[in-house]
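Okay, here's what each chain looks like letter by letter:
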Amino acid sequence: MGEPFLVGLPQGDDLLAAVTRSFDERSIRKGAFSVIGLLKKAVLGCFDPETHEYTNREFVGHLEIASCSGNISEKDGEVFAHCHLVLANKEFQCIGGHLMPGSVIFVAELYGTPVPGPVPVRLFDESRGLYLWPAASPERQS
Amino acid sequence: MGEPFLVGLPQGDDLLAAVTRSFDERSIRKGAFSVIGLLKKAVLGCFDPETHEYTNREFVGHLEIASCSGNISEKDGEVFAHCHLVLANKEFQCIGGHLMPGSVIFVAELYGTPVPGPVPVRLFDESRGLYLWPAASPERQS
Amino acid sequence: MGEPFLVGLPQGDDLLAAVTRSFDERSIRKGAFSVIGLLKKAVLGCFDPETHEYTNREFVGHLEIASCSGNISEKDGEVFAHCHLVLANKEFQCIGGHLMPGSVIFVAELYGTPVPGPVPVRLFDESRGLYLWPAASPERQS
Numbered sequence: 404m405g406e407p408f409l410v411g412l413p414q415g416d417d418l419l420a421a422v423t424r425s426f427d428e429r430s431i432r433k434g435a436f437s438v439i440g441l442l443k444k445a446v447l448g449c450f451d452p453e454t455h456e457y458t459n460r461e462f463v464g465h466l467e468i469a470s471c472s473g474n475i476s477e478k479d480g481e482v483f484a485h486c487h488l489v490l491a492n493k494e495f496q497c498i499g500g501h502l503m504p505g506s507v508i509f510v511a512e513l514y515g516t517p518v519p520g521p522v523p524v525r526l527f528d529e530s531r532g533l534y535l536w537p538a539a540s541p542e543r544q545s
Numbered sequence: 404m405g406e407p408f409l410v411g412l413p414q415g416d417d418l419l420a421a422v423t424r425s426f427d428e429r430s431i432r433k434g435a436f437s438v439i440g441l442l443k444k445a446v447l448g449c450f451d452p453e454t455h456e457y458t459n460r461e462f463v464g465h466l467e468i469a470s471c472s473g474n475i476s477e478k479d480g481e482v483f484a485h486c487h488l489v490l491a492n493k494e495f496q497c498i499g500g501h502l503m504p505g506s507v508i509f510v511a512e513l514y515g516t517p518v519p520g521p522v523p524v525r526l527f528d529e530s531r532g533l534y535l536w537p538a539a540s541p542e543r544q545s
Numbered sequence: 404m405g406e407p408f409l410v411g412l413p414q415g416d417d418l419l420a421a422v423t424r425s426f427d428e429r430s431i432r433k434g435a436f437s438v439i440g441l442l443k444k445a446v447l448g449c450f451d452p453e454t455h456e457y458t459n460r461e462f463v464g465h466l467e468i469a470s471c472s473g474n475i476s477e478k479d480g481e482v483f484a485h486c487h488l489v490l491a492n493k494e495f496q497c498i499g500g501h502l503m504p505g506s507v508i509f510v511a512e513l514y515g516t517p518v519p520g521p522v523p524v525r526l527f528d529e530s531r532g533l534y535l536w537p538a539a540s541p542e543r544q545s
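If you read the sequences in order, they're chains A, B and C. Straight run, no breaks: the first sequence in the working numbering ends on number 545. Straight run, no breaks: the second sequence in the working numbering ends on number 545. Straight run, no breaks: the third sequence in the working numbering ends on number 545.
Fair warning: there could be bad hints in the mix.
[Claimed, not checked] Here are the simulated lysine-lysine pairs, DSS-like style, with alpha carbons at most 25 angstroms apart:
1. Lys443(A) - Lys444(B)
2. Lys444(C) - Lys493(A)
3. Lys443(C) - Lys493(A)
4. Lys478(A) - Lys443(A)
5. Lys493(A) - Lys443(A)
6. Lys493(C) - Lys493(A)
7. Lys493(C) - Lys444(B)
8. Lys443(B) - Lys493(C)
9. Lys478(B) - Lys443(B)
10. Lys444(A) - Lys444(B)
11. Lys493(C) - Lys493(B)
12. Lys493(A) - Lys493(B)
13. Lys493(C) - Lys443(C)
14. Lys478(C) - Lys443(C)
15. Lys444(B) - Lys493(B)
No lab work stands behind these hints, which were simulated from the structure alone.
Chain A with its partners taken away, still in its complex shape:
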């Protein structure tokens, strides 16, 4: 199932795509990760549980990746990364949210680890409006 790894992601790459590819090329379909580094541009999303839509906002300028963590599972047969992050600007002020495509790497150092066992698959959860692992619903837990 692969081994834990530490890797620098290429400058200029999309952060979400680069994280996903790092697991995909190691054939790890269930895992967890964290990243530190610096972005040139960030696109953050915020999910609205009422409308079931993400509001995205683009932040341009160099932003430290103060925290970035997430997990790897499968969606539509593909390796899928779910990732949240906290960014800090030059005044050390923080913003945070869901990592969206379009965030551009200046420096990104990824720690990834496989997780053993059956690969969880994201399915659309009608009531919450998100692609979730079925075990996340209270019915499947009991």
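Start from chain A and add chains B and C according to the hints.
What follows is chains B and C alone, placed relative to chain A:
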């Protein structure tokens, strides 16, 4: 000692209790974890080293779990989770602190991992006013 | 190559030095970590990609370590910790950035894990002005 795991925690559950239970039901008494997701309500604590008391504040509304990390050890013979988090609101602004009981899950995806070796036990540290692992005191390190 | 560990770091110690030493004394030269706790004082850095310099700022007062994560590799033949963090004040407001020497521990609980494989070595990257793992450059990835 158990294996690393990835699990969705039930909607509506208390986040701190759900994290604790996830380790407890796997008989993992020493571990580390991170969570991403979305809360309906959060209760954060801030410890005051002068008065040795936590000030708690409740935040109502949907808050992204931008970062959530912590560890598992024993306190009073029970599995105990110590957890800090950073939350982001709809304006992507962050708040952070110590996770208190009363924080309600909308979505929470937990990565947990056991840590090998003797289980650390939290004991009351008079000088700091907190339940800490004895090895954390300078006297025990030397 | 060592095992994952959980340890309390001594009160009064420099956080960056204490994290580095924890890996060094276990002979772990490639790893990842996270920390939660409380600082008495923090020194955060923000890297400017234009000038290639860090701007440091000192924050005095008790600050919760809301998130702290990073990695371990080698620089100049020594164990080197690269670490970013998010801190929260008594109003639960967050600041974040690169952990610099001079940050003083009140409480710090460290989870550390070794990462298998060849130890990455930080070398000066002229174009970005930072000590990076060579594989982080696009040329080495292709």
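Tested hints:
1. Between lysine 443(A) and lysine 444(B), the direct Cα distance comes to roughly 32 angstroms. Violation of the 25 angstroms bound is thereby established for this hinted pair.
2. Of the pairs offered as hints, the one joining lysine 444(C) and lysine 493(A) holds, with about 19 angstroms between alpha carbons and a cut-off of 25 angstroms not exceeded.
3. As the CA atoms of lysine 443(C) and lysine 493(A) are separated by approximately 22 angstroms, the hinted pair is consistent with the 25 angstroms bound.
4. Our distance criterion of 25 angstroms between C-alpha atoms is broken by lysine 478(A) and lysine 443(A), whose separation comes to about 28 angstroms.
5. For the hint pairing lysine 493(A) with lysine 443(A), the CA-to-CA distance comes to about 13 angstroms; that is within 25 angstroms, so the pair holds.
6. Between lysine 493(C) and lysine 493(A) the alpha-carbon distance is near 22 angstroms, which keeps this suggested pair within the 25 angstroms criterion.
7. Using a Cα cut-off of 25 angstroms, the hinted pair lysine 493(C) and lysine 444(B) holds, with the two alpha carbons roughly 19 angstroms apart.
8. Straight-line distance between C-alpha atoms of lysine 443(B) and lysine 493(C) comes to about 22 angstroms, which keeps the hinted pair within the 25 angstroms bound.
9. For the given pair, lysine 478(B) sits about 28 angstroms from lysine 443(B) by alpha-carbon distance, which is inconsistent with the 25 angstroms threshold.
10. The hinted pair formed by lysine 444(A) and lysine 444(B) fails the criterion: a straight-line CA distance of about 30 angstroms is larger than 25 angstroms.
11. With a CA separation close to 22 angstroms, the supplied pair lysine 493(C) and lysine 493(B) stays within the 25 angstroms bound.
12. A C-alpha spacing of about 22 angstroms is found between lysine 493(A) and lysine 493(B), which places the hinted pair at or below 25 angstroms, so the restraint holds.
13. Distance restraint check for lysine 493(C) and lysine 443(C): the Cα-Cα separation of roughly 13 angstroms lies within the 25 angstroms cut-off, and the hinted pair is therefore satisfied.
14. With a C-alpha separation of about 28 angstroms, the suggested pair lysine 478(C) and lysine 443(C) falls outside the 25 angstroms cut-off, and the hint is violated.
15. Between the alpha carbons of lysine 444(B) and lysine 493(B) the distance comes to roughly 14 angstroms, so the proposed pair stays at or under 25 angstroms and holds.
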